[in-house]
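The residues making up each chain are set out below.
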Amino acid sequence: MILFLLKGLLRDRSRSLFPLLTVFLGVALTVVLHSWLNGSITSLITSTAHFNTGHLRVMTRAYAKEANQVPNDLALLGIDTLITELRREYPDLLWTPRIKFGGLLDVPDEKGETRAQIPVSGLGIDLFSGNTPEPRILNIRDAIVRGRAPLRRGEMVIGDEGAQKLHLEPGDTATLISSTMNGSMSITNFVVVGTVRFGIVAMDKGTVIADLADVQRALDMENGAGEILGFSRDDLYHEERTNAVAAGFNARHSVPAPDTLSRRSSFAPVMGTFRTESGLSDYLDLAGLYSGIMIGIFVLAMSVVLWNAGLTGSLRRYGEIGIRLAVGENRRHIYLALLVESLMIGFAGSLLGTAFGLAVAWYGQVRGLDSGTIMKGATLMLPTVIRAQITPFTYVIGFIPGMLATFFGTAVSGIGIFKRQTSQLFKELE
Amino acid sequence: MIRPFVLLLCLPLASMMQGPSGDEILMRVDKNMFSEQKIVESRMIIHGQRDTRTVESKSWQRGTNESYTEFLAPAREKGTKMLKLKDMLWEYSASTDRTIMISGHMLRQSVMGSDLSYEDMMEDPHLPNIYSATISSSEVIEGRECWVLDLKAKKEDIAYDHRQAWVDKERYLVLKENLYARSGKLLKTVDVREAMHVHNHWLAKSIIYRDVLKEGDGTEFHIDNITLDAEIPDYLFSKASLRR
Numbered sequence: 000m001i002l003f004l005l006k007g008l009l010r011d012r013s014r015s016l017f018p019l020l021t022v023f024l025g026v027a028l029t030v031v032l033h034s035w036l037n038g039s040i041t042s043l044i045t046s047t048a049h050f051n052t053g054h055l056r057v058m059t060r061a062y063a064k065e066a067n068q069v070p071n072d073l074a075l076l077g078i079d080t081l082i083t084e085l086r087r088e089y090p091d092l093l094w095t096p097r098i099k100f101g102g103l104l105d106v107p108d109e110k111g112e113t114r115a116q117i118p119v120s121g122l123g124i125d126l127f128s129g130n131t132p133e134p135r136i137l138n139i140r141d142a143i144v145r146g147r148a149p150l151r152r153g154e155m156v157i158g159d160e161g162a163q164k165l166h167l168e169p170g171d172t173a174t175l176i177s178s179t180m181n182g183s184m185s186i187t188n189f190v191v192v193g194t195v196r197f198g199i200v201a202m203d204k205g206t207v208i209a210d211l212a213d214v215q216r217a218l219d220m221e222n223g224a225g226e227i228l229g230f231s232r233d234d235l236y237h238e239e240r241t242n243a244v245a246a247g248f249n250a251r252h253s254v255p256a257p258d259t260l261s262r263r264s265s266f267a268p269v270m271g272t273f274r275t276e277s278g279l280s281d282y283l284d285l286a287g288l289y290s291g292i293m294i295g296i297f298v299l300a301m302s303v304v305l306w307n308a309g310l311t312g313s314l315r316r317y318g319e320i321g322i323r324l325a326v327g328e329n330r331r332h333i334y335l336a337l338l339v340e341s342l343m344i345g346f347a348g349s350l351l352g353t354a355f356g357l358a359v360a361w362y363g364q365v366r367g368l369d370s371g372t373i374m375k376g377a378t379l380m381l382p383t384v385i386r387a388q389i390t391p392f393t394y395v396i397g398f399i400p401g402m403l404a405t406f407f408g409t410a411v412s413g414i415g416i417f418k419r420q421t422s423q424l425f426k427e428l429e
Numbered sequence: 000m001i002r003p004f005v006l007l008l009c010l011p012l013a014s015m016m017q018g019p020s021g022d023e024i025l026m027r028v029d030k031n032m033f034s035e036q037k038i039v040e041s042r043m044i045i046h047g048q049r050d051t052r053t054v055e056s057k058s059w060q061r062g063t064n065e066s067y068t069e070f071l072a073p074a075r076e077k078g079t080k081m082l083k084l085k086d087m088l089w090e091y092s093a094s095t096d097r098t099i100m101i102s103g104h105m106l107r108q109s110v111m112g113s114d115l116s117y118e119d120m121m122e123d124p125h126l127p128n129i130y131s132a133t134i135s136s137s138e139v140i141e142g143r144e145c146w147v148l149d150l151k152a153k154k155e156d157i158a159y160d161h162r163q164a165w166v167d168k169e170r171y172l173v174l175k176e177n178l179y180a181r182s183g184k185l186l187k188t189v190d191v192r193e194a195m196h197v198h199n200h201w202l203a204k205s206i207i208y209r210d211v212l213k214e215g216d217g218t219e220f221h222i223d224n225i226t227l228d229a230e231i232p233d234y235l236f237s238k239a240s241l242r243r
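These protein sequence lines map, in sequence, to chains A and B.
Numbering-wise, the first sequence is residues 0 to 429 according to numbering that gives the first Met the number 0.
Numbering-wise, the second sequence is residues 0 to 243 according to numbering that gives the first Met the number 0.
Treat each hint with caution, since some may be false.
[What the hints assert, rightly or not] Here are the in silico distance ranges between beta carbons for each label pair:
#1 B:GLN48 / A:THR83: 21 to 31 Å
#2 A:PRO134 / B:LEU212: 32 to 42 Å
#3 A:GLU238 / B:ALA180: 26 to 36 Å
#4 A:THR83 / B:ALA229: 52 to 62 Å
#5 A:THR113 / B:ALA229: 28 to 38 Å
#6 A:ARG251 / B:SER94: 52 to 62 Å
#7 B:ASP223 / A:THR83: 42 to 52 Å
#8 A:GLN163 / B:LEU212: 49 to 59 Å
Hints were generated in silico from the structure; no laboratory data involved.
Every residue gets a Cβ at the ideal spot worked out from N, C-alpha and C, and that includes glycine.
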């Protein structure tokens, strides 16, 4: 019977082409939309975690309160001990210290006078120790535009836009003017060995990156760091795991009630998760909710269209069904045949739509969409190239609604078969 | 006929009995504190949130527009020099051999992490030039009779729009000051802990500065040695001297 119905669908295109096209387009659009939304949210999470908060972040309590202002006077000290503890207690995570700082990058002329100067935001990261995950996390080598990554102490890389403003070439010396953790003015020379572009507007304007030890020396922060970041080894944000790690760490380093207001307790370490530290908690909730609503509305609209297609199909086939009833075909049999046909159309349309949607999404995942021009001046840690992301869910997000919508559309419209009176059939068909 | 003359004679006497005005007191404070050339060796003991640091320096000052300071300790700051010429300020870093002009928002930064800012150093030390004063009351500070002066900035671009100053009635030395922003917010307090008498001038020997917007227990400023009207060579007040 299935083969018979399939032949019927193939031979009578007017019966299958429109529903098939509708399912195909709806499913393809759902797949593409889902993968783009997914990709942009994941890009935001990944870049914010890599460049800003990690999946977990350890700071002093005082630093945590003003973390946006990067108060290095409140930084962690004695970080070697703390990192050893973190690596021992949570070996499934990668732990790395960082110092963020602000300042001016000053380029001297031949007389040593200021030739050019720009404000910079800097990162001191572990570049040289044997097991450092930083070059991989920040992907520095791939971000190099000119020159190379730092290989020795006293070297730094700078955002390519900033380098162009300062007319800096790899090999030039620049002076970093900043504040030590004691509040003194810090003046330190670095050799700029390369320029970088991360594809994140906020990073590419005026970021400088140097080795942690150099920044510690410049800012008088011996064995200190503003933050220790934790990353999961698969680079994905596992909310339950990070929550559990943060809760365990904070319980172990909790300050007894009478001491909570003491100055010493302000420098006790505290751990925050990506969700709390990134300031994106509400955004992520909203983004998840909105993408769910958008996909839901889209699927619903597609279902209505397909249902309507089923209705029109049934109406168009009003005469055919009447003849089939008149020649004695069972109502249930006709209804079942229509349902099987709808499943076939739904399956074929969903399969083709998913395949086409995945192909577009794959292209978007590999090439991305460059939104650099519309993101000028943006301070979000959002990459300028937004890419789609295909997840296992992308494979079924369009397929199942595509199948179900045609099925339910036909199921509802097909009920009319049971309302037809055999005695009235010839009159209806006249 | 005689009565009007008596009245006229009595008027100046009455004003003398009233005592000096706020502006007159400020002039006398300025006269007491100011000397044309001086060399000062000092220590700043900075009580930060986590530790206490001592910064030693030697300054050569000529008039109000020229000042040259060399930091002597701690080791990290040794060799750092600062030069003020009129309204310009440079800092020289020995470790990088760079001379950086301090301007704009950098002037608001703390000097060596203390409770003093570069802006404080750039302020015209002649208070009558930038403030008008009125007497608000009299108080006793550390056993010394003081006038309490309200100082209001004459110009708009002054770091502290309003000051309260407690002036020793006998020595014309400011013993305490509260420095306010234009909004009325208290920014800094200054307390003189010890005074010294040098060449007919009463000067503060030990002062505590507190930036109330900063955590920490303030900065003690101690003058260890001061030479007034000293001979200072001209070359010291040039940018070339920073790299010497």
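Verification of the supplied hints:
1. Between GLN48 of chain B and THR83 of chain A the Cβ separation comes to about 26 Å, which falls inside the hinted range of 21 to 31 Å.
2. At roughly 40 Å, the beta-carbon separation of PRO134 of chain A and LEU212 of chain B lies within the given 32 to 42 Å, and the hint holds.
3. The hinted window of 26 to 36 Å between GLU238 of chain A and ALA180 of chain B is violated, with their beta carbons roughly 45 Å apart.
4. Restraint check, THR83 of chain A to ALA229 of chain B: a C-beta distance of roughly 56 Å satisfies the suggested window 52 to 62 Å.
5. For the hinted restraint 28 to 38 Å between THR113 of chain A and ALA229 of chain B, the CB-CB distance of approximately 33 Å keeps it satisfied.
6. At roughly 41 Å, the beta-carbon separation of ARG251 of chain A and SER94 of chain B lies outside the given 52 to 62 Å, and the hint is violated.
7. The hinted window of 42 to 52 Å between ASP223 of chain B and THR83 of chain A holds, with their beta carbons roughly 44 Å apart.
8. For the pair GLN163 of chain A and LEU212 of chain B, the beta carbons lie near 37 Å from each other, so the given range of 49 to 59 Å is not met.
The earlier numbered hints that this structure contradicts are 3, 6, 8.
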